[in-house]
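Let the sequences and hints guide you as you build the complete structure.
If you read the sequence shown in the working numbering, its first letter stands for residue 1, the second for the next number, and so on.
Hints listed in this document are in silico derivations from the structure and should not be mistaken for laboratory results. Please note that a few of the clues may not be correct.
Each computed EDC-like pair below joins lysine to aspartate or glutamate, with the alpha-carbon atoms no more than 20 angstroms apart [what the hints assert, rightly or not]:
1) K270 to E463
2) K388 to E418
3) K119 to E136
4) K388 to E417
Simulated DEER-style distance windows between Cβ atoms [to be verified]:
5) S269 to K204: 30 to 38 angstroms
6) S220 to K270: 24 to 32 angstroms
7) T465 to G255: 21 to 29 angstroms
8) V218 to A391: 46 to 54 angstroms
Just so you know, even glycine gets a beta-carbon here, dropped at the ideal spot from N, CA and C.
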Amino acid sequence: MVGRAVSEVHARLSTGVEGLDSVLGGGLFPASATLVRGAPGTGKTTLGIQFLCEGARRGEGGAYFTFEEFPEQIYRDARSLGFDLQALEQAGKLQVITLDPGAFLDEAIRPGGLLEELKREIGLRRVVVDSVTLLELALAEKGGRRRLYLLRNALHRMGATSLLVEEGAPAEGPSAAEYMVDTVLHLTYDDFEVNRLRHLEVRKHRGSPFRTGKHVFVISRQGIRVLPALDRVPDLTVGEVVPTGLDRLDECLGGGIPRGSTLVLNVNSKCNYRYLLGAIAAAHLWQGDGYVAVRSAVRPPAVVAMVLSLYGFDAARLGAEGRWRYIEQEGRPVPPELEPYIIRVSNEFDLFVSPGSATAIAHGIGSPDGPRHWLWSLDLNAALHTLKQDAVVKGWAEAISHARHRGDTIVGICNFEEMGPAMSAFVQRNAEGILRTWFDGRYQYLQVQKAPNGRVSELMVIEYTDAPPYLALW
Numbered sequence: 001m002v003g004r005a006v007s008e009v010h011a012r013l014s015t016g017v018e019g020l021d022s023v024l025g026g027g028l029f030p031a032s033a034t035l036v037r038g039a040p041g042t043g044k045t046t047l048g049i050q051f052l053c054e055g056a057r058r059g060e061g062g063a064y065f066t067f068e069e070f071p072e073q074i075y076r077d078a079r080s081l082g083f084d085l086q087a088l089e090q091a092g093k094l095q096v097i098t099l100d101p102g103a104f105l106d107e108a109i110r111p112g113g114l115l116e117e118l119k120r121e122i123g124l125r126r127v128v129v130d131s132v133t134l135l136e137l138a139l140a141e142k143g144g145r146r147r148l149y150l151l152r153n154a155l156h157r158m159g160a161t162s163l164l165v166e167e168g169a170p171a172e173g174p175s176a177a178e179y180m181v182d183t184v185l186h187l188t189y190d191d192f193e194v195n196r197l198r199h200l201e202v203r204k205h206r207g208s209p210f211r212t213g214k215h216v217f218v219i220s221r222q223g224i225r226v227l228p229a230l231d232r233v234p235d236l237t238v239g240e241v242v243p244t245g246l247d248r249l250d251e252c253l254g255g256g257i258p259r260g261s262t263l264v265l266n267v268n269s270k271c272n273y274r275y276l277l278g279a280i281a282a283a284h285l286w287q288g289d290g291y292v293a294v295r296s297a298v299r300p301p302a303v304v305a306m307v308l309s310l311y312g313f314d315a316a317r318l319g320a321e322g323r324w325r326y327i328e329q330e331g332r333p334v335p336p337e338l339e340p341y342i343i344r345v346s347n348e349f350d351l352f353v354s355p356g357s358a359t360a361i362a363h364g365i366g367s368p369d370g371p372r373h374w375l376w377s378l379d380l381n382a383a384l385h386t387l388k389q390d391a392v393v394k395g396w397a398e399a400i401s402h403a404r405h406r407g408d409t410i411v412g413i414c415n416f417e418e419m420g421p422a423m424s425a426f427v428q429r430n431a432e433g434i435l436r437t438w439f440d441g442r443y444q445y446l447q448v449q450k451a452p453n454g455r456v457s458e459l460m461v462i463e464y465t466d467a468p469p470y471l472a473l474w
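This is the structure in structure tokens:
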């Protein structure tokens, strides 16, 4: 019994519109009410017809209620899209009904009324009401809003999934009906040269995640087809990935950080990224990789060692095993146990140490006897404070090239605002992934702004915890 209840809660009903179920996180919930809002000509009627025809294909009876168009007009519109509603009516799978708005509401609400009659006759499971705008106008002085609530409740009680069509543009603000329903779809279009570019946006989908933003759709002889928006063009060559250990982040990144890739962490001066970077480093170390931390003003060797210890790693032991190095250029004092594993550089030629560089090779990083792969963390803003921009550009490009060739991973820490538009554009262009994290005075946030799988995430709130990985994403 419990298992059945759980499966029913998570069951979805297909809209019949290619791409829309994906945008809705799997489809509509049975017995839910969806408001389809848009200006004339945006495709509301087409969406309703397609929704009912999908139900008929699945053996779910449907009814299209219209208050201003005659059935013949609906049949004609459907035929132009390749749907034969008259044949479905003759087969007892749906009905197209024209009624006065007041009479429809009376019948819908009345026990034993038209809806219950249709449920007995055709197994009514799907309903389109075109339109609630006319219902509201017709009943403005007769408690129209309350009667709309009664209509929604009557449809829900009998297990019918409904689409309620409404005239209106998003710029007009939310209507009263939007507060009554479970899901809100906005249909819009823009005139682009001689063509019309149509968009669908989910404004509300109660009880389910959904894909935000505007999604392009087309209307053809096969009906509506939605093309879910890709946040970016995906990289189809992604191979092995290393999970970060943060489930929500890994989901956004397509499973983790691909080997041979470059991930940029864009931070502001107020945020703490220590544990995020620590979780990424620990994930690579658990895979048997090596870890090189290249100079950082806020992460001296002792701090890096302390963070690694939180994840169960002893930096000195890792160093002795040939799996940890720190590139130091400031001349800062280092704990004695870490000193053997510090690579101190002073001249400008060596300041930008990277995978495949002479300095790295001279200290055993990338040697055949050591780890096959290495994780590199580089503070780009620190490099810009020491080197000329041209030198950083050259060093960063070489680092990325060597890392891709070797299958090493680079995490570049930077602040785009501080490094300027030209340098930040260069860094973003050459990175496979970009994470932005910032603190607004109350909360710290994280967003995936670029990923190899083309995803851009919603804003996530970082919660710091007392146990590994020491942060959770909400």
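Evaluated hints:
1. Note on K270 and E463: the hinted pairing holds, with a Cα-Cα distance of about 15 angstroms set against a maximum of 20 angstroms.
2. As the CA atoms of K388 and E418 are separated by approximately 15 angstroms, the hinted pair is consistent with the 20 angstroms bound.
3. As the CA atoms of K119 and E136 are separated by approximately 25 angstroms, the hinted pair breaks the 20 angstroms bound.
4. A C-alpha spacing of about 17 angstroms is found between K388 and E417, which places the hinted pair at or below 20 angstroms, so the restraint holds.
5. Between S269 and K204 the beta carbon distance is about 37 angstroms. The supplied range of 30 to 38 angstroms therefore holds.
6. Between S220 and K270 the C-beta distance comes to about 51 angstroms, which lies outside the given range of 24 to 32 angstroms.
7. Taken as a hint, the range 21 to 29 angstroms holds for the pair T465 and G255, whose Cβ atoms sit roughly 23 angstroms apart.
8. Judged by the Cβ atoms, the range 46 to 54 angstroms given for V218 and A391 holds: they are separated by roughly 50 angstroms.
Checked against the numbered hints above, the structure breaks hints 3, 6 and satisfies the rest.
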